[in-house]
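Those protein sequences? They're chains A and B, same order as listed. For the first sequence, counting from 1, position 98 maps to 98 in our numbering; every step adds exactly one. For the second sequence, counting from 1, position 87 maps to 87 in our numbering; every step adds exactly one.
Simulated from the structure, these hints should not be mistaken for laboratory data. Check the hints yourself; a few may be wrong.
Below, in silico cross-link-like pairs of lysine-lysine (BS3-like), each with a Cα-Cα straight-line distance of 25 Å or less [what the hints assert, rightly or not]: (1) B:K99 to A:K41; (2) A:K41 to B:K71; (3) B:K99 to A:K51; (4) A:K15 to A:K78; (5) A:K78 to B:K3; (6) B:K3 to A:K41; (7) A:K44 to B:K107.
Covered stretches of chain B, going by a simulated chain A footprint (3 or more residues, C-beta under 8 Å) [what the hints assert, rightly or not]: (8) 37-50; (9) 102-108.
Each residue gets a CB set at the ideal place from its N, CA and C atoms; glycine is no exception.
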Amino acid sequence: EAGVTQFPSHSVIEKGQTVTLRCDPISGHDNLYWYRRVMGKEIKFLLHFVKESKQDESGMPNNRFLAERTGGTYSTLKVQPAELEDSGVYFCASSQGREHSPLHFGNGTRLTVT
Amino acid sequence: SQKIEQNSEALNIQEGKTATLTCNYTNYSPAYLQWYRQDPGRGPVFLLLIRENEKEKRKERLKVTFDTTLKQSLFHITASQPADSATYLCALSPGGYQKVTFGIGTKLQVIP
Chain A
1 EAGVTQFPSH SVIEKGQTVT LRCDPISGHD NLYWYRRVMG KEIKFLLHFV
51 KESKQDESGM PNNRFLAERT GGTYSTLKVQ PAELEDSGVY FCASSQGREH
101 SPLHFGNGTR LTVT
Chain B
1 SQKIEQNSEA LNIQEGKTAT LTCNYTNYSP AYLQWYRQDP GRGPVFLLLI
51 RENEKEKRKE RLKVTFDTTL KQSLFHITAS QPADSATYLC ALSPGGYQKV
101 TFGIGTKLQV IP
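Pulled out of the complex, with its shape left as it was, chain B reads as follows (with noise of 0.2 Å):
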C-alpha cells in the first residue's frame, strides 16, 4: 500500500541554523509533491509545489528537492526563526485533480 514517511519525532534547531526535513514514500508514483505549514488549532497552509521533472524549487528561504529515483523529498529552511515553528507537512498527487495524500508531519521547534 502507499505509505508516506516523515519523521513524526520533533526536530529541535537552534535560530539561525538550516532546518533540514525528510519525506519518504513507498509504493506512489506522485506526480507533484507538496510541503504545507500547520500551526496548533489552524489547518494546514500551503508552501511550495514541486514537480516529479523538477529537481529543486526555492521560495525566500525555503527550499524543496525532489528526489523520484530514491523516493524522497527534503524540504529546508535556512536562517530559522522562532516564528518557523511549527508542524510541516508533505503531501503526494498523482496529478490531475486527483487526491492529495498528506503524511503525519514533522513538528520543528527553533530555539532562540
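Chain A on its own, in the form it takes in the complex (with noise of 0.2 Å):
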C-alpha cells in the first residue's frame, strides 16, 4: 500500500507569508493526525482528524493555524502569516479506525521561516 504523502518536503518563506501544508493519507484511514516538531524538542501533537471532523485541536498553537479535510481524505495545514517560531518539521500521521491502531507517518514538511 502507498504510505502517507506530504507536499512540500521543504519550504522556505519569509515572516508574514503564508504557507500551506499537505498530507495524503493511507487510502481508508479514517484518522488523520498532524504533529510538529521544533528543533531540540520532542514531537507535538497539533491536532486529530476522524474523517473530516475535527476530534482533538488541543495541540494547535494559536489561530494563526488552520487545519482542513475536505471530503476526509487529504488534509491541508496553513500557516497565515508565518513566523519565526513556527519553523520545524510538521508531521502527518494516519491509522485505521480501529482503537490504539499504529500511527502511520509521512517523511514530514521541512518550514523554515527566516
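These two chains come separately, so use the hints to put the complex back together.
Next up, the structure:
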C-alpha cells in the first residue's frame, strides 16, 4: 500500500507570508493527525481528524494555524501569517479506525521561516 | 504536567551486543505504550505496542517491557547491527482515540 505522503518536503518562507502544507493519508484511514517537531524538542501533537471532523485540536498553537480535511481524504495545514517560531518539521500521520492502531507517518515537511 | 523522559544523549554500543533504551514517565497513566524508530529525514516508523496489563512483548530481536508501578518501559534490541542505528521514540496514549504523546527519543549508534 502507498504510504502517507506530504508535500512539499521543504519550504522556506519569510515572516508574514502564508504557507500551506498538504498530507495524503493511507487510503481507507479515517484518522489523520498533524504533529510538529521544533528543533531540539519532542514531536508534539497538533490535531486529530476523524474523517472530515476535527476530533481534537488542543495542540494547535494559535489561530494562525488552520487545518482542513475536505471530504475526509487529504488534509491541509495553513499557517498565516508565519512567524519565526513556526519553523520546524511538520509530520502527518494516519491510522485505521480501530482503537490504538499504530500511527503511519509521512516523512514530514521542513518549514523554515526567515 | 505530563512528562516522558528518554535519555536524549546518544547510546553507543558494539555490534552484536544488546542495546537497552529507557523510557520513564510521570503524571501519566497510559493505557498503551509504543516504540517508534526514526531515521534522519524520515518520519517515525511503528515498531511495537504494549498494553498496561502486559509485562513484556517481543518481536524478532526486539523486546519491550512495561512496568506501570515504576512508570517505566525498557526497549531491548538483541544482537544489534549497524542497521539498527537510528533514533528510538517512546510514545504513550491514554487509550481510545486520544492523542499519542512522544518522548524526545534516544539516538542509538551501533558500532561495527
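Results of checking the hints against the structure:
At roughly 18 Å between alpha-carbon atoms, K99 of chain B and K41 of chain A fall within 25 Å of each other, so this suggested pair holds. The straight-line distance between the Cα atoms of K41 of chain A and K71 of chain B is roughly 22 Å, inside the 25 Å bound, and the hint therefore holds. Annotation: proposed proximity of K99 of chain B to K51 of chain A holds, straight-line Cα distance about 16 Å (limit 25 Å). The suggested pairing of K15 of chain A with K78 of chain A holds, with an alpha-carbon distance near 14 Å, which does not exceed 25 Å.
In summary, the hint linking K78 of chain A to K3 of chain B is not supported, as the alpha carbons are separated by about 29 Å, beyond the 25 Å threshold. Taking the CA atoms of K3 of chain B and K41 of chain A, the gap is about 13 Å. The hint holds against a cut of 25 Å. Proximity of K44 of chain A to K107 of chain B is assessed by CA-CA distance (about 18 Å); at most 25 Å being required, the pair is judged to hold. Residues of the stretch 37-50 of chain B lying with their CB closer than 8 Å to a CB of chain A number 7, which satisfies the three-residue condition for coverage.
With a cut-off of 8 Å between beta carbons, the stretch 102-108 of chain B has 4 residues touching chain A; three or more are needed, and the interface restraint holds.
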